[in-house]
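Protein chains in written order, with this note's numbering: chain A, 1 to 369; chain B, 370 to 731.
FYI, nobody ran anything at the bench for these hints, they're computed from the structure. Predicted model only: the values in this text are computed from it and were never measured. Even for Gly, the Cβ is constructed at its ideal location relative to N, Cα and C. Hints should not be assumed to be uniformly reliable.
[What the hints assert, rightly or not] Listed next, with one range per pair, are the computed distances between beta-carbon atoms:
#1 A:Pro238 to B:Gln526: 34 to 44 Å
#2 B:Met383 to A:Glu85: 44 to 54 Å
#3 A:Glu181 to B:Ser477: 50 to 60 Å
#4 A:Arg277 to B:Glu404: 32 to 42 Å
#5 B:Ala524 to A:Pro107: 24 to 34 Å
#6 A:Asp59 to B:Asp722: 51 to 61 Å
#7 A:Pro107 to B:His581: 56 to 66 Å
#8 B:Ser477 to A:Asp59: 52 to 62 Å
#9 A:Asp59 to B:Val681: 38 to 48 Å
#10 B:Arg686 to A:Pro107: 40 to 50 Å
#11 B:Ala427 to A:Ala273: 51 to 61 Å
#12 B:Gln430 to A:Arg277: 12 to 22 Å
#13 A:Glu181 to B:Ala691: 28 to 38 Å
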Amino acid sequence: MSRPSVTSHPYLDELEPYEPPDLRAAAARSGLEPVDLLRLSANENQFGPSPRVAQALADSGEHAFYPNYAPLREAIARYAGVAVERVVLTNGADEAIDLLIRLFAEPGQIVVTCPPTSGMYEFCAKVNRCRVLPVPRQPDFSLDVPAVEQAVHEHAGDVRLLFIASPGNPHGLSVPLRELEWLLDLRIIVAVDEAYIEFGGESAVSLLDDYQNLVVIRTFSKWAGLAGLRLGYALLAPPYASLVERIRAPYNVNSAAVAAGLATLDDLDTVRANVRRLVDERERIRSALARLEWLEPLPSEGNFVLCRVRGGAGSEVAEALALRGILVQAFLGPRMGAYFRFAVGRPEQNDAVLQALATLGPEKEGTEA
Amino acid sequence: MNAADLVRADVATMEPYTPIFPFEVVAARLGRAPEDIIKLDANENPYGPPPGVRDALANLQYAHSYPDPESRILRQALARFTGVPSGVLLAGAGADELLDLTMRLFLSPGDSILNCPPTFGMYAFDAAISGARVVSVPRTAELALDLEGIEAAVAQQRPKLVFVTSPNNPDGGWLPDHGLERLLALPVVVVLDEAYVEFAGMDRSRIGRVPHCDNLIVLRTFSKLAGLAGLRIGYGAFPATVMEHLWKIKQPYNVSVAAAAAALAALEDRAWLEQRVALIVAERERLIGLLSALPYLAPYPSDANFVLCRVVDRDARELKLALEREGILIRYFDKPRLRDHVRSSVGKPEHTDALVRVLAEW
């Protein structure tokens, strides 16, 4: 008798396992210990969380019990300025992406993405056996609204969701609300990923009352420095929110994330001050890098800066920085091969990056000459 | 636009899972402070996590950094704890996530799973979300598996996965070796949920069989053993050929750094864990003895950290409510095979005393 096999699903062949960055190898090449690397490749918040978080984690008597989400849900509703019925807590924003696709798209239906963008939309779509229809952004990384509209019409009925990051990763550009409104008039779910909204751009939350098909996805990973604890949330029309509540695992968010989320929202002054410092640092870095002839830093509303290497490859710069113990994210392919991206850090970390890039410059010009 | 228009048809008609009420909510309803509530309704560990967990969380260094997608350090520690190689171990956000991943991997819409109620509710719940059918083969009157029934259902309905909990929730019954052998001989993948296995004996898990068996998956958790239900940390052992595919569909950052740090700290204090398990097992036996002495209760033998009782000639729901008025929460069932049943977690000795005091006067 034959046993059920997992390999019968063609969709598995399209999925590649996620390759985490190899910190050990990078450290070995730079001669540093892994903990001494300056890791700016994942847009993490180098100020870390509110100082109240560690105490909240240690003091919480809740870890032994299945979590109660009501207080955090209410606190997030107040923070975001929406009714609590609109709030769904998730195990990082990643889980929100997965749940939305699960709720709205059946296998074979289409999810539209606008690359370059986070890989999670495509990943979750494929895991849910949906087709992905990429509608690339313009050369300046703005949305190609007519092309999205055309794609939706061409596949009328099959397109269920559109994912738009605003501000978007890796470029840091936010989408004007009037463009979102245009897309919201299409009869599909428009999920706006606002992972970086605390660092810039205009939130789509103000449109929630007018558009039932709008979902805003947010996270505590970036502005609140809680990437490790996995706390995200989705804001959406109450009837949809109750359906997501129905299909999520009953205990999807962990008690440490709950305690840390509450502690953060109780200490907004501190966390917001760090966000302001990161925004100031972002602008300082960008002006400093603009003086280097071989680099073009793009304007950003995120906590990161994307740079184009004039006449070179982003991966070369990333490699050179890795040898100095600084990890940044380079990209591959014809569209993004000239770019690298790094998170804005604390002032002394940013100085280290600026210094390293300044020393790379002449070498680079030398090799090109 | 009508919300229902855009929702998957099978989801729109799905039954929601009913989680227990958070105890702050119940406390408020009862007009009591949360610390005046004795919570025996969710099989949680009354001793909480080992003391090292608090330090690990207070000194958490990397809350701002994404977790290791491969949970390498934790999986190595788990390999030492379980005796199976880390290469066949996967960590999840609770065993719940691993149940869901397993179903996603094996089930296409129209496929089915075999479920043996009464049992943990998440198997049927996850199957519904995956668009799979649930073939039910109810347990016998004694709540043992109906092995003939399962064999017949497998032959007729060809489910891909069979879900079995051992010790079973809600009765605490153990799946004997001969039963497991018969299941493993079937053309199905057997998913053995061992959430409570440590209370049957620290060395009784079947996880060691996984590397030698191509159709056995064993799931375990820190929720019960280590008092970490809130942190969401479970793990599973899978056949190597299945692992390869699980890595592809697992979300990269599924396990929080707090959960991983807490689990590591717990594993470092195995003596503490074993001591608390011994206390709970001893208390379980004392509780069963005291409950059997009551004329209207018939407790089941249990290998877990809870005790299921049939309420004889009296109203089980009234019993639950009477305890609730005294600030004691237990679980009441009104499902097939479980009419007039209640389940209590095993608490500390003082919890047992409080429970039995109210029961004696009821």
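**Request:** May I ask you to test the hint 38 to 48 Å on the CB atoms belonging to Asp59 (chain A) and Val681 (chain B)?
**Result:** 44 Å, holds
**Message:** A range of 24 to 34 Å was offered for this pair. Does it hold for the Cβ distance of Ala524 (chain B) and Pro107 (chain A)?
**Reply:** 28 Å, holds
**Beta-carbon spacing of Asp59 (chain A) to Asp722 (chain B) - inside the hinted bounds 51 to 61 Å or not** = 29 Å, violated
**Request:** For Gln430 (chain B) and Arg277 (chain A), compare the CB-CB distance with the range 12 to 22 Å and indicate the outcome.
**Result:** 21 Å, holds
**Message:** Just to be sure I understand the hint, the distance between the Cβ atoms of Pro107 (chain A) and His581 (chain B) should be within 56 to 66 Å; is that true here?
**Reply:** Violated, at about 34 Å.
**Request:** State, for the Cβ atoms of Arg686 (chain B) and Pro107 (chain A), whether the hinted interval 40 to 50 Å holds or is violated.
**Result:** Holds, since Arg686 (chain B) and Pro107 (chain A) (Cβ atoms, about 42 Å apart) stay within the stated range.
**Status of the given 52 to 62 Å range, CB of Asp59 (chain A) versus CB of Ser477 (chain B)** = 46 Å, violated
**Asked** CB of Arg277 (chain A) to CB of Glu404 (chain B), is that within 32 to 42 Å?
**Response** 40 Å, holds
**Prompt:** Does the Cβ pair Met383 (chain B), Glu85 (chain A) satisfy 44 to 54 Å?
**Reply:** 20 Å, violated
**Request:** Just tell me: holds or violated, for the beta carbon distance of Glu181 (chain A) and Ser477 (chain B) against 50 to 60 Å?
**Result:** This hint is violated: roughly 38 Å between Cβ atoms.
**Item:** Supplied distance hint 28 to 38 Å, evaluated on CB atoms of Glu181 (chain A) and Ala691 (chain B)
**Value:** 57 Å, violated
**Asked** Is 34 to 44 Å right for how far apart the beta carbons of Pro238 (chain A) and Gln526 (chain B) are?
**Response** At roughly 39 Å between Cβ atoms, Gln526 (chain B) and Pro238 (chain A) fall inside 34 to 44 Å, so the hint holds.
Taken one by one, the earlier hints fail for this structure at numbers 2, 3, 6, 7, 8, 11 and 13, listed in ascending order.
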